[in-house]
Amino acid sequence: MKNNDTKAEPIKEELKENIQKIKQDLGGSDDIIIREITFGKDDSAHAAIIYTDGLADKKLITDFILDSQTQKSYAEELDREADRDNLLEALKALALNLGDNKEIADFRSLYNAILSGETVLLLEGYSVGIAASTRGWKDRSVSEPVAQSVVRGPQEGFTETLRTNTSMIRRKIKDPNLWLETMQIGKVTKTDVAIMYIKGIVSDKVVEEVRARLDRIDIDGVLESGYIEELIQDEAFSPFPTINNTERPDNVAAELLEGRVAILVDGTPFVLIVPTLFISFFQTAEDYYQRADISTLLRFIRFISLFIAMVGPALYIAITTFHQELLPTQLLISLAAQREGVPFPAFIEALMMEVTFEVLREAGIRMPRPIGQAVSIVGTLVIGQAAVEAGIVSASMVIVVSITAISSFVITGYSMAISVRMIRFVIMGLAAAFGIFGIVVALIALVMHLCSLRSFGVPYMSPFAPFVPADHKDTIFRLPHWAMSTRPRLINQRNVNREQTSKPTKPADRNNQGRR
Amino acid sequence: MTGDGFEMTGKVQISLRQFTVLVMFYSIGTTILVIPAALAATAKQNAWIAAFAGWLLSLIITALYVKLGSLFPRRSIVQYAALLTGGWIGKPISLLFIFYSFVGAATVLYYMGNFMTTQVMPETPIEAFIVLFAGLVVFGLRLGLEVLARTAEILFPWFVVLFVVLTIFLLPEIEMKNIRPVAEIAFKPILSGAISYISYSSLPLIVFFMIFPANLNRKREAGKAFLIGTLVGGIFVIIVTFLCISILGADFTERNMFPSYALAKKINIGNFVERVEILIAGIWFMTIFFKTVLYAYGFVAGLAHLFECEDYRPLVLPSGMILAASSLVVYPNVVYMLEFDSTVYVPFSFAIGLALPLLLLLVAGLIRKKRNH
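So the protein sequences, as listed, match chains G and P.
Residue numbering for the first sequence is 1 to 516, as defined by my numbering.
Residue numbering for the second sequence is 1 to 373, as defined by my numbering.
Don't read these hints as lab results, they were simulated from the structure.
Remember, it's a predicted structure, so these values are computed and weren't measured experimentally.
Virtual Cβ for every residue (Gly too), placed ideally from N, Cα, C.
Hints are supplied without guarantee of correctness; some may be wrong.
[Claimed, not checked] Chain G residues, not near chain P, derived (Cβ > 10 Å throughout):
#1 Val142
#2 Val440
#3 Thr486
#4 Ser502
[Said to hold, decoys possible] Restraint ranges, calculated between C-beta atoms of paired labels, are given here:
#5 P/Ala325 to G/Phe303: 37 to 45 Å
#6 P/Ala325 to G/Ile476: 21 to 29 Å
#7 P/Val160 to G/Glu235: 25 to 33 Å
#8 P/Glu173 to G/Tyr414: 41 to 49 Å
[Said to hold, decoys possible] Chain P stretches covered by chain G per the calculated footprint, using a threshold of three residues with CB under 8 Å from any CB of chain G:
#9 111-122
#10 148-158
#11 263-274
#12 285-299
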């Protein structure tokens, strides 16, 4: 508390004292550069320039603030304007010919400015300073999105810099109604968090809710958008993500056009999107770039994959343990022959293989790159040949686990895929105890839980439940663009019409119309 | 927008479509699993005609319910029973209704457990199934009516798809000689069949008076939704009854406790798709779940309204435990169950499902007449 009070202290008129205080407060950190300069008639004016090395663009500082040539011309100008009482105003108008500058009066905002890359100019005899925007630091250049790659479509992904990210969205939507609000979250990290939305399309209630929830956050640091996600989601305890994230600007643009709100966090390429529906995790940007029929087929494949990833091993356990009559006799005989030497019940067998696979997958992500090949060879051998030959698992189990594993990669939303992986084990347990009955009970419970979720007030399972016929043009099916004439209804109720384009007609028809 | 976790039961609004689906699921419920046997017992090869007659009767009963419901668009049956007849008579009447829902829920739970232990997994104790299923019911009730309605909305297409697949796969097995002679229709067996149909399928619809029409978003068209629900639900039952008679024969249908399950065993497509009865049983699990959960809803919400609690949720877990325990004793054994179902249950059902609403309608009519004078 005491610390905060001292930092909110107003800036004093004595330059020396101010500099002394800054040095003391920042612990004399080496990367804080304080340069004292004198200028004006007979070098009468004393000033100090303060910035953080590495965060502020040195070229900008030298060009516009420190350059002796400009100093001289300013000096002359200042001499002329000497009658003016307010040297600071003059300086602000003339010397700091930078895009954006503001006055600061207390130490807290002074530190905030310096540490976010701005350059502060303090003048002898004035209790206010000028903060000039000279932000410019080393950052990663725009590159291909790693987690969400597409065959056809833009190949750029967000970076770690907030400003770059907002500009990428602006480049896609050149509309004055695309609004941006920035706030700082994190008592220590003071991370910039921006919310973006298209005024007139977005529902104001959702924007207000986002603002309110962000305002409620009281945390020392925000290092990734995951922090924000966990702090603002509707349901604290649910395996399912109620907030989607993406690193693709075209995704964000599409979601904004549907009336959603994007939350951008400085320092991470992953942008949060609210409100999110269950169905969002099964759609990719590419769905809208390929032709409609192909996209629909791909979506079907994703839903089948969801089903396999969730209940694949459970069905295998249930059928081989309780409902053998389901299998055609030939298959049953071959399965029984395979399992003859396996000492474990199907459930234990499946559990072992699933855990092994999860371990391999985790290893694949965490291990240092050069070891990758070694792990994959060992993994293939362990999961594949050796386990079967050693009689620990049956060959059919290996197939089931492999298909399940591959299916879980098809789900486009990674955060959804990990939830499915988790739920799979619960369903396997129920299947081992109750067979198909257990699976049905688990699925009913799952659907009920999904139906109880909301994301920023919007039912998570819409447009399935509550059923919204008009919104089914873009859920399981992806209708052609000319048929997607309205925006999702539950997200926004006002500005619903998306387009007026009608179905493209064949050239012959056009000729007819022309003749008429 | 955020704090709607603790919603008042009266404020929950479900759409007409959701209500229709709930009514369908409920009227299909356990009926589809057991009614062909009861119908074949009386109407023999004409069981499907009895089902049809019952279906027509059920429309009349639903119309009666709609009439009663339309008188009190903002109250549940427990609330207006007390309003119409005063606390001293109204509350015991409500208690009857609540008792009926309670017995319904407990018996359906027993049906579920009995089905699983006798037909599917004989070595697993019945308690295991009942506790798991009761747990699911408790989970559903705690999430609330809105969530249940949405769940029904999502599961209904699956039900229809599986049902259509079942029907198509069974078409090759139909033998017309089983339903002959058709013309041998006697009025009495058809009527008694129809009566047992409505006592299983449509009189229990009275539990919907806890929802209808107070929790519906468009009360004006609520009656239509109720009728459509009963109508469509009945069609499924008629189809299954017809398939049972035409494939299994009247005799086998009558002696089988779960004829529609035996029906699914008959499926054989190219020696590859065969013995898929457990997958078909999956759709009964769904319908039975909704039947149980709605009975249980009638019970807990009825209790909450009777004692004027704001929210029924605190009652759910204890009620679930009581239900699970009493489902184990509600029928001592299967023979008792068959005896009870064919003798006691029908008048019991008529007393609560028909006499009670008629009484309330009568009192309401008298009061209105008096007021007009």
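Which of the numbered hints are not met once you compare them with the structure shown?
-> Failing hints, ascending: 2, 6.
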